[in-house]
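As you go down the protein sequences, you meet chains A and B in turn.
Residue numbering for the first sequence follows UniProt numbering, beginning at 1 and increasing consecutively.
Residue numbering for the second sequence follows UniProt numbering, beginning at 1 and increasing consecutively.
The reader is advised that the hints may include incorrect statements.
To be verified - Non-contacting residues of chain A with respect to chain B, defined by C-beta distances greater than 12 Å in every case (computed):
| id | residue |
| --- | --- |
| 1 | Ala106 |
| 2 | Arg129 |
| 3 | Ser225 |
Unchecked claim - Straight-line C-alpha distance at most 27 Å; calculated DSS-like pairs for lysine-lysine:
| id | chain 1 | residue 1 | chain 2 | residue 2 |
| --- | --- | --- | --- | --- |
| 4 | B | Lys69 | A | Lys69 |
| 5 | A | Lys244 | B | Lys69 |
| 6 | B | Lys40 | A | Lys40 |
| 7 | B | Lys205 | B | Lys244 |
| 8 | B | Lys40 | A | Lys69 |
| 9 | A | Lys244 | B | Lys244 |
| 10 | B | Lys40 | A | Lys209 |
Source of the hints: derived by calculation from the structure; they are not laboratory data.
C-beta: ideal position from N, C-alpha, C; glycine also.
Number of protein chains: 2
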Amino acid sequence: MARTATTAAAAPARRAVGRPSKGAIKKEAIVAVALEQIDKVGVYAFSLRDVARSLDVYPATIYWHVNSKDALLADVAGAVMQEVTPPRGKSSWQVWMRDLFFRYRAAVQKHPNVAQLIGAQLVSNSSLRTDLIDGVLIALLEAGATEENLLEAYNCVISSLIGFMTMELAPMPSEEVSQWADALKERVRSISPLDHPTLARYLPKLANKAFIVRWQNGTEVPLDSSFSANVEIFIAGLEGFLQKKTRAVAASETRKPRS
Amino acid sequence: MARTATTAAAAPARRAVGRPSKGAIKKEAIVAVALEQIDKVGVYAFSLRDVARSLDVYPATIYWHVNSKDALLADVAGAVMQEVTPPRGKSSWQVWMRDLFFRYRAAVQKHPNVAQLIGAQLVSNSSLRTDLIDGVLIALLEAGATEENLLEAYNCVISSLIGFMTMELAPMPSEEVSQWADALKERVRSISPLDHPTLARYLPKLANKAFIVRWQNGTEVPLDSSFSANVEIFIAGLEGFLQKKTRAVAASETRKPRS
DNA sequence: ACCTGAACACCGTTCAAGT
DNA sequence: ACCTGAACACCGTTCAAGT
């Protein structure tokens, strides 16, 4: 992989520049084991010493291949992000973007515990997925983005893309889950219809399927229809945002829109 | 506060039911100190032993007032979430919702490190902010939500509300930030205009202001205009989503819309 | 270049025992 | 009811030293 060379270029020459030299293999093994561990025990309980144990080496060994725990986590996030960017086909930007959203969902559903890494942590330095950024920009320009609103539109794409899944797969309070679930259910049951008639009325519809009122996360209760809704809402909203010309002008002068 | 009594009701009677008895004061002091610590060192470096030191007590003392580190973090998140729900005034649902978004932003900007707690962690059990959920439901019903789409719309509100800020305030790789920033800047500079012409072209516009291509987070470089765009995109998209009747019917029969 | 072996300075949590 | 004092089983990271 060319990535080894790229990394070495930026790094303080900690590794030989030329061949992988079996070191590259070890590095990827470490990332693979780390991903396995995270899948198994979650980001919270994940430890470098565990991956060292899995590889039958001393903890310090890990540090020859990787600069820190954070750097390893970044690599793990990058690994999961591979292949989410759809190929730039002949389809419309809406189709491409929908594809992007669902590919991200599929990727992160395979490794649910990595969602919080991508969403809330580094976001995601080393994994600077050039093709993703490029693809989004191209789609946005095709959608009519201008110099004035490209940045904003881009940020909205990324946050919508990642935000929902981060929440859908957010880890539930560890350990005594059932006990906690019972407590939450009880609280849900005890909501006063007098103080909160609307909430009380619709609670049965929301229970365990709506953010804040659920006791299982997306690995056990996937929120498919809500995710789809989010995609459609975002794309429709984005269309409107990119169509409208500079707000102040449009509002004050009321020109004929060139749709 | 009545909250003490409520907590005791659900909990296994670990505290006397009647008066605060000075214990309630201690509990709130713990949460306050924890919030201070998190503001100072971040969620990652936050430790129970530090709050114990700040309060001049033994670590074990904390455990009389709080069940676990996670529970404490949940309480901290709850504290920050207080007062984000706007009062249910006479305004339109759009105005109320915009208000909600900007109040949340203001609240979490005061405690940026808590954003990842709210976004990626528990979401947010104990802090089950009844008034928030109720308010969102009321707004959605006013907007025309039906039995069929209320759940989806609700989930989209929550994820849009929280998702953007979680990313805007996501912690940058700790410690040697400047070193890391330089590396990222270098990589940004070295992007090949041949492989990625679009990206290369617009990179100056994105640099340090766009997700994935920034080396400072929202505490140092706030993304105000992008946040506003996100609010407008979401609300506009939501309007469309709630307006449209059952998709299949509308598509196949092409009835006159009763707008 | 890659790994060992050991150490440092921390953690969260538990538990008997005090008052 | 509330806190002490000490212990248990861990961490991430560093560093001389080996090969």
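Quick rundown of the hints versus the structure:
1. Every beta carbon of chain B lies more than 12 Å from that of Ala106 of chain A, the smallest distance being close to 18 Å; the non-interface claim holds.
2. Look at Arg129 of chain A: its CB is around 7 Å from the nearest CB on chain B, not clear of 12 Å, so calling it non-interface is violated.
3. Consistency note on Ser225 of chain A: stated as away from chain B, yet its beta-carbon is not over 12 Å from all of that chain's, at 5 Å minimum.
4. A threshold of 27 Å between alpha carbons decides the hint, and for Lys69 of chain B with Lys69 of chain A the separation of about 21 Å falls inside it, so the pair holds.
5. As the CA atoms of Lys244 of chain A and Lys69 of chain B are separated by approximately 48 Å, the hinted pair breaks the 27 Å bound.
6. Pair hint Lys40 of chain B plus Lys40 of chain A does not hold up; C-alpha atoms about 32 Å apart against a cutoff of 27 Å.
7. Restraint check: the Cα-Cα separation between Lys205 of chain B and Lys244 of chain B comes to about 36 Å, which exceeds 27 Å; the hinted pair is violated.
8. Taking the CA atoms of Lys40 of chain B and Lys69 of chain A, the gap is near 21 Å; set against the 27 Å cutoff, the hint holds.
9. Between Lys244 of chain A and Lys244 of chain B the CA atoms are separated by roughly 21 Å; this keeps the pair inside 27 Å, and the hint holds.
10. Taking the CA atoms of Lys40 of chain B and Lys209 of chain A, the gap is about 35 Å. The hint is violated against a cut of 27 Å.
Hints 2, 3, 5, 6, 7, 10 from the list above are not met by this structure, while the remaining hints are.
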